Amino acid sequence: MIVLKKYKEAIIRFICGTGLITLLVLAWEMAASGGWKYANIFPPPSKFIKQLSNDGFKVGLGAQAASVQTSIISSILRVLTGLFIGLISAFLFGFFVQSNIWLKRFLMPLIRVLAPVAPIAWIPMALVLFGIGNQTAVFIVFMGVFFTLSIAVVRAIEIIPENLVNSAKTLGASKFQIWYKVIFPSILPNVFTILRLNFIAAWMAVLAAEMTGLQDGLGAIIMTGRNLFNNEMILMGMVLIGVVGFLFDSILKYIQDKFLWWDKKSRQ
Amino acid sequence: MIKQEKGITCENLSYSWTKHPGEEDYIFRDVSFTIQQGEFISFIGPSGCGKSTMLNIISGLLAPYDGKVIKDGIEVMSPDKDLGVVFQDYSLFPWLTVKNNIAFGLKLNGKSKNEIDTRTDDILKRVGLWEARKKYPFQLSGGMKQRTAIARVLANNSNYMLMDEPFGALDYQTRLNMQSFVSEVSAEFNKTILFVTHHVEEAIILSDRVFLMSVNQKEKMDELIIDLAKPIDITSSKFNEYRKYIINHLNKEVNF
Ligand SMILES: Nc1ncnc2c1ncn2[C@@H]1O[C@H](COP(=O)(O)OP(=O)(O)O)[C@@H](O)[C@H]1O
Ligand SMILES: [Mg+2]
Chain A
0 MIVLKKYKEA IIRFICGTGL ITLLVLAWEM AASGGWKYAN IFPPPSKFIK QLSNDGFKVG
60 LGAQAASVQT SIISSILRVL TGLFIGLISA FLFGFFVQSN IWLKRFLMPL IRVLAPVAPI
120 AWIPMALVLF GIGNQTAVFI VFMGVFFTLS IAVVRAIEII PENLVNSAKT LGASKFQIWY
180 KVIFPSILPN VFTILRLNFI AAWMAVLAAE MTGLQDGLGA IIMTGRNLFN NEMILMGMVL
240 IGVVGFLFDS ILKYIQDKFL WWDKKSRQ
Chain B
0 MIKQEKGITC ENLSYSWTKH PGEEDYIFRD VSFTIQQGEF ISFIGPSGCG KSTMLNIISG
60 LLAPYDGKVI KDGIEVMSPD KDLGVVFQDY SLFPWLTVKN NIAFGLKLNG KSKNEIDTRT
120 DDILKRVGLW EARKKYPFQL SGGMKQRTAI ARVLANNSNY MLMDEPFGAL DYQTRLNMQS
180 FVSEVSAEFN KTILFVTHHV EEAIILSDRV FLMSVNQKEK MDELIIDLAK PIDITSSKFN
240 EYRKYIINHL NKEVNF
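Protein chains in written order, with numbering that gives the first Met the number 0: chain A, 0 to 267; chain B, 0 to 255.
Where hints are given, some of them may not hold.
[Unchecked claim] A short list of chain B residues far from chain A (calculated; beta carbon distances all over 12 Å):
{"hint": "1", "residue": "Thr17"}
{"hint": "2", "residue": "Ser31"}
{"hint": "3", "residue": "Ala154"}
{"hint": "4", "residue": "Gln172"}
{"hint": "5", "residue": "Thr234"}
{"hint": "6", "residue": "Asn247"}
[Said to hold, decoys possible] With a Cα cut of at most 30 Å, we get these calculated BS3-like pairs of lysine-lysine:
{"hint": "7", "chain 1": "B", "residue 1": "Lys5", "chain 2": "A", "residue 2": "Lys174"}
{"hint": "8", "chain 1": "A", "residue 1": "Lys180", "chain 2": "B", "residue 2": "Lys112"}
{"hint": "9", "chain 1": "A", "residue 1": "Lys257", "chain 2": "B", "residue 2": "Lys106"}
[Unchecked claim] Some but not every residue of chain A turned toward chain B, in silico, with C-beta under 8 Å:
{"hint": "10", "residue": "Gln134"}
{"hint": "11", "residue": "Lys168"}
{"hint": "12", "residue": "Leu170"}
Don't read these hints as lab results, they were simulated from the structure. Quick caveat: nothing in here was measured; it's all calculated off a predicted structure. Ideal placement from N, C-alpha and C gives every residue a C-beta, glycine not left out.
Kindly generate the complete structure, drawing on both the sequences and the hints.
In structure tokens form, the structure reads like this:
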């Protein structure tokens, strides 16, 4: 019973979440078998799910066509790489900018102008620069997260309570020790929250990049489906995108709750 | 002037938040005083009179506009671990346990893990935090948090402990409790303590001398030497005289 109590909220959420989705799927199935006139455009799960077990289900055409598994892994690796490079760069950039007021005055306006540009807007240039390939996708993800994360890092540093840094100074911390022993852990939870929100943007960006002509990846499933006029394939792709994105976000949330709890707790 | 070897000497300290201050802009001006090693000094005064500013200058966190702070014969130019500071808001590191907060200063200097453990455990036991050593700051009461902040300075073996309204956020009972704690600590660890408060009785009970700061009178601080037999009897007439003296001083300052 104690175990149940501890997980009560999680269980309730799981039941509610899956419950609603199940209901919607049932309604969808019933509508389709009842002769819904858009059932061709929106084939129900019972139809498109078969795509997965179909050996012939390939993303892309011809010899380069990839399997679904490969596609999922490619997409995830691209997002991870882009997020990782973006996060590290944002930390370095934020620390750099915070080290001198003039750097901040010159650089922050530029960052703030670049931040609102949608990552997909970089696709045409990226294709010219890097061609069709992983680099383009990673670059798009990077562009999608770097500026926002940089702004988040700078802001998070600005709002660190002054006395937290002061107490480290009076305990004998050097400049460098203050950066990695106080400032870095102070801003980590804050920045990670932004990272989590940005992951969704990055996920969408990589799919957009994949739709522009990468051979594999979840975005490419949609494009292949479109080229083949295969609506089942498109819907399958959409579901995969949603589910994989959800799982990924759940992992990020888990990391946040498990390892980066102190921001929330210390505010209580 | 011959500089004493131990203790803190402040020579002609002035401070202003503006770069080119006019008469009105000074928080204090040309203030000089000396604190002997082992003394317990309180700074008392209405809020905004510059108590925190004074303490931050002495700890090296803030550079004076003019004048200097000399500690043990050497001018204080930057924060120094020999001048430990306890802040009103505790300023504990929320991601570290009580034990690791206390070990923070020790870990900065590349001491061996063994040495750090022995020292931290010893401090934890002496300040009554042993049971709480694995807790995080958010799990502690205000009094326990402040105990941890004090222990963090003790672990660092600072000779001087600067405390800026350390009990301002605590309830009455906890405050009394912490007052005797600090009293014990200052005696047991032989610390020189600079203590900022606006609590009159607290200042009298704890201090050897009380410095009276003021908003209007910027060029000197009045000083009250507390000469009371321990344990202090707060109903004695001497205690009352001290209290009246300080309250009179504070009342002169009230302006809306
Ligand atoms: N960062 C700051 N910038 C400008 N003025 C400040 C700053 N901090 C404090 N002051 C001013 O300096 C004066 C003294 O402040 P402070 O030393 O904090 O007083 P106390 O600690 O005695 O309440 C006050 O008038 C306050 O408004
Ligand atoms: Mg103050």
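We went through each hint and held it up to the structure:
With 12 Å as the threshold on Cβ separation, the claim that B:Thr17 sits away from chain A holds: the shortest Cβ distance comes to roughly 18 Å. For B:Ser31, the non-interface assignment is confirmed: its Cβ lies about 24 Å from the closest Cβ of chain A, beyond the 12 Å cut-off. For B:Ala154, the condition that its CB be more than 12 Å from all CB atoms of chain A is violated, with the nearest at approximately 9 Å. No beta-carbon of chain A is positioned within 12 Å of the beta-carbon of B:Gln172; the least distance is around 23 Å.
The claim that B:Thr234 is not at the interface with chain A holds, since no C-beta of that chain comes within 12 Å of its own (minimum 37 Å). Under the 12 Å C-beta cut-off, the non-interface status given to B:Asn247 relative to chain A holds; the minimum distance is some 33 Å. With a CA separation close to 28 Å, the supplied pair B:Lys5 and A:Lys174 stays within the 30 Å bound. The hinted pair formed by A:Lys180 and B:Lys112 meets the criterion: a straight-line CA distance of about 17 Å does not exceed 30 Å.
At most 30 Å may separate the alpha-carbon atoms for a hinted pair to count; A:Lys257 and B:Lys106 meet this at roughly 25 Å. Look at A:Gln134: its Cβ only gets to about 36 Å from chain B, farther than 8 Å, so that hint breaks. This hint holds: A:Lys168 has a C-beta 4 Å from the nearest C-beta of chain B, less than the 8 Å allowed. Taking 8 Å as the C-beta cut-off, the interface hint given for A:Leu170 holds, the closest approach to chain B being about 4 Å.
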